[in-house]
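Modelling step: build the complete structure from the supplied sequences, incorporating the hints.
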Amino acid sequence: MRVCVVGAAASGLPSIKACLENDIDIICYEKTSDIGGLWNYRPDEKNIEGTVMATTVVNTSKEMMAYSDFPPPEDWPNFMHHSKVNEYLHLYADHYHLKDYIKFNTAVKYITEEKSSFKVQLENGEVEHFDKVILCTGHHATPYHPQLRDVDKFKGRIMHAHEYRDIKGFEGKNVVLLGIGNSALDIAVDLAKIAKSVTISTRRGTWIFNKVAAGGMPYDTLYMTRFFQQHPTVNDALANLICSGLITVTDDVDTFTADKVITKNGRSFDCDVFITCTGYVIGFPFLDPKILTIEVCSLQYTPQFSTLIDYNRVKFMENSRKFYIRKLPQNEVSLYKFVFSPNNENLAVIGMIQPIGSILPISEIQVN
Numbered sequence: 000m001r002v003c004v005v006g007a008a009a010s011g012l013p014s015i016k017a018c019l020e021n022d023i024d025i026i027c028y029e030k031t032s033d034i035g036g037l038w039n040y041r042p043d044e045k046n047i048e049g050t051v052m053a054t055t056v057v058n059t060s061k062e063m064m065a066y067s068d069f070p071p072p073e074d075w076p077n078f079m080h081h082s083k084v085n086e087y088l089h090l091y092a093d094h095y096h097l098k099d100y101i102k103f104n105t106a107v108k109y110i111t112e113e114k115s116s117f118k119v120q121l122e123n124g125e126v127e128h129f130d131k132v133i134l135c136t137g138h139h140a141t142p143y144h145p146q147l148r149d150v151d152k153f154k155g156r157i158m159h160a161h162e163y164r165d166i167k168g169f170e171g172k173n174v175v176l177l178g179i180g181n182s183a184l185d186i187a188v189d190l191a192k193i194a195k196s197v198t199i200s201t202r203r204g205t206w207i208f209n210k211v212a213a214g215g216m217p218y219d220t221l222y223m224t225r226f227f228q229q230h231p232t233v234n235d236a237l238a239n240l241i242c243s244g245l246i247t248v249t250d251d252v253d254t255f256t257a258d259k260v261i262t263k264n265g266r267s268f269d270c271d272v273f274i275t276c277t278g279y280v281i282g283f284p285f286l287d288p289k290i291l292t293i294e295v296c297s298l299q300y301t302p303q304f305s306t307l308i309d310y311n312r313v314k315f316m317e318n319s320r321k322f323y324i325r326k327l328p329q330n331e332v333s334l335y336k337f338v339f340s341p342n343n344e345n346l347a348v349i350g351m352i353q354p355i356g357s358i359l360p361i362s363e364i365q366v367n
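FYI, numbering that gives the first Met the number 0 numbers position 315 of the sequence shown as 314, with every residue one higher than the one before it.
Please note that a few of the clues may not be correct.
As a list, the in silico DSS-like pairs of lysine-lysine whose alpha-carbon atoms are at most 30 Å apart [claimed, not checked]:
id: 1; residue 1: 30; residue 2: 172
id: 2; residue 1: 152; residue 2: 131
id: 3; residue 1: 167; residue 2: 259
id: 4; residue 1: 98; residue 2: 83
id: 5; residue 1: 154; residue 2: 131
id: 6; residue 1: 108; residue 2: 98
id: 7; residue 1: 102; residue 2: 114
id: 8; residue 1: 30; residue 2: 154
id: 9; residue 1: 167; residue 2: 195
id: 10; residue 1: 98; residue 2: 336
id: 11; residue 1: 152; residue 2: 118
id: 12; residue 1: 152; residue 2: 192
id: 13; residue 1: 30; residue 2: 167
id: 14; residue 1: 154; residue 2: 114
id: 15; residue 1: 118; residue 2: 108
id: 16; residue 1: 195; residue 2: 263
id: 17; residue 1: 154; residue 2: 195
id: 18; residue 1: 131; residue 2: 118
id: 19; residue 1: 118; residue 2: 102
id: 20; residue 1: 336; residue 2: 118
id: 21; residue 1: 108; residue 2: 131
id: 22; residue 1: 102; residue 2: 83
id: 23; residue 1: 152; residue 2: 263
id: 24; residue 1: 154; residue 2: 192
id: 25; residue 1: 289; residue 2: 102
id: 26; residue 1: 102; residue 2: 30
id: 27; residue 1: 259; residue 2: 114
id: 28; residue 1: 172; residue 2: 152
id: 29; residue 1: 98; residue 2: 30
id: 30; residue 1: 83; residue 2: 192
id: 31; residue 1: 259; residue 2: 152
id: 32; residue 1: 259; residue 2: 30
id: 33; residue 1: 263; residue 2: 154
id: 34; residue 1: 289; residue 2: 118
id: 35; residue 1: 336; residue 2: 131
id: 36; residue 1: 114; residue 2: 289
I should point out that these hints are in silico values taken from the structure, not numbers from a laboratory.
This one's a predicted model, so the numbers in the text were calculated from it and none came from an experiment.
What follows is the structure, given as structure tokens:
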């Protein structure tokens, strides 16, 4: 049996290892020059590949983010700088000799089905055939850009968090960030050092936790319970910066002028740079859609509820005026057990999840 793995990062590496442990003929294609994916820091903001910020420190302790059979060195900090995470992935790959099975600087152009196998076309013109395919490309490649009213009136800079690397060029600027996830808060804390003003616009707020809990223990070694069904945001510095007036939190953005952002409660903020921290779009541009379908939801606006709903998924209760609305993402992919394509059992997708905690051990479980 021949297996193709696409992507050599947090999900691709354990996929290679699992195949080798089962004596499977494996080739992994990685379009960049090194392993690591997001954790392989590249400072060029124009690089289309996703990467972390210069100051990124993980929000998950090293004990909870490690692969089960390869703990990080004991003398490493509980919460690692991104360079340590990348180093850890290299140590893991070197220990199990995984790099021998990776073809670097080799991008997959298109994957189609041919009878009982997959035809894999590479950007360099080569064509290979495989019995099974494992996709490990993650979901941080294509930024989601929300539709914003009157944004065309704004004359300042608009960018996505995907482009942000460091504080250079933001000195003395009025910055407004849309969103309140980990990326938004990390950028806000970073910019509070040098920007004239930093404002976070949020639709509904979030729970904020420190990385270290009572007694000095990493929070995720104590609190991984069903209490965290709502995704929390982890940041140690935010609260103090809000109390100090260096960061302002406001409601959702409504409209724009040439140099201001107006929120729905009527507040006005000077703005030179507007950063959308609105997540990413799931996509496999190199995959025949017949193999795996990305569902783009048909959404309609209902003023009564001020929300987007999919009328196909509204469930009415008999003999009652009550009904429930399921809020849907802009796109989604249906996977059996979050791994297997319902259209082809020989295609697996590893790491296409947004866990509370690290993706590394979950990817390892999925692969096994």
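Status of each hint after checking the structure:
1. 30 to 172: violated (36 Å)
2. 152 to 131: Violated - the C-alpha atoms of residue 131 and residue 152 are around 50 Å apart, more than 30 Å.
3. 167 to 259: Between residue 167 and residue 259 the Cα gap is close to 22 Å, so the pair holds against 30 Å.
4. 98 to 83: Within the cut-off at roughly 19 Å; holds.
5. 154 to 131: violated (49 Å)
6. 108 to 98: holds (21 Å)
7. 102 to 114: Given that 30 Å is the threshold and the Cα spacing comes to 26 Å, the pair holds.
8. 30 to 154: violated (36 Å)
9. 167 to 195: holds (14 Å)
10. 98 to 336: holds (29 Å)
11. 152 to 118: Outside the cut-off at roughly 47 Å; violated.
12. 152 to 192: holds (29 Å)
13. 30 to 167: holds (28 Å)
14. 154 to 114: It is violated: about 54 Å lies between the C-alpha atoms, which goes past 30 Å.
15. 118 to 108: holds (11 Å)
16. 195 to 263: The hint holds at about 23 Å.
17. 154 to 195: holds (18 Å)
18. 131 to 118: holds (10 Å)
19. 118 to 102: holds (17 Å)
20. 336 to 118: holds (25 Å)
21. 108 to 131: Roughly 17 Å between the alpha carbons, so the hint for residue 108 and residue 131 holds.
22. 102 to 83: Distance of about 24 Å is within 30 Å: holds.
23. 152 to 263: Given pair residue 152, residue 263 holds - Cα atoms ~17 Å apart, limit 30 Å.
24. 154 to 192: holds (24 Å)
25. 289 to 102: The given pair, whose Cα atoms are some 27 Å apart, holds under the 30 Å limit.
26. 102 to 30: Since the Cα atoms of residue 102 and residue 30 sit roughly 8 Å apart, the hinted pair holds (cutoff 30 Å).
27. 259 to 114: Distance of about 57 Å is beyond 30 Å: violated.
28. 172 to 152: Given that 30 Å is the threshold and the Cα spacing comes to 19 Å, the pair holds.
29. 98 to 30: Within the cut-off at roughly 14 Å; holds.
30. 83 to 192: It holds: about 24 Å lies between the C-alpha atoms, which stays within 30 Å.
31. 259 to 152: holds (10 Å)
32. 259 to 30: violated (40 Å)
33. 263 to 154: Judged against 30 Å, a Cα distance of about 20 Å means the pair holds.
34. 289 to 118: holds (14 Å)
35. 336 to 131: holds (18 Å)
36. 114 to 289: holds (13 Å)
Consistency with the previously given hints fails for numbers 1, 2, 5, 8, 11, 14, 27 and 32, ordered from lowest to highest.
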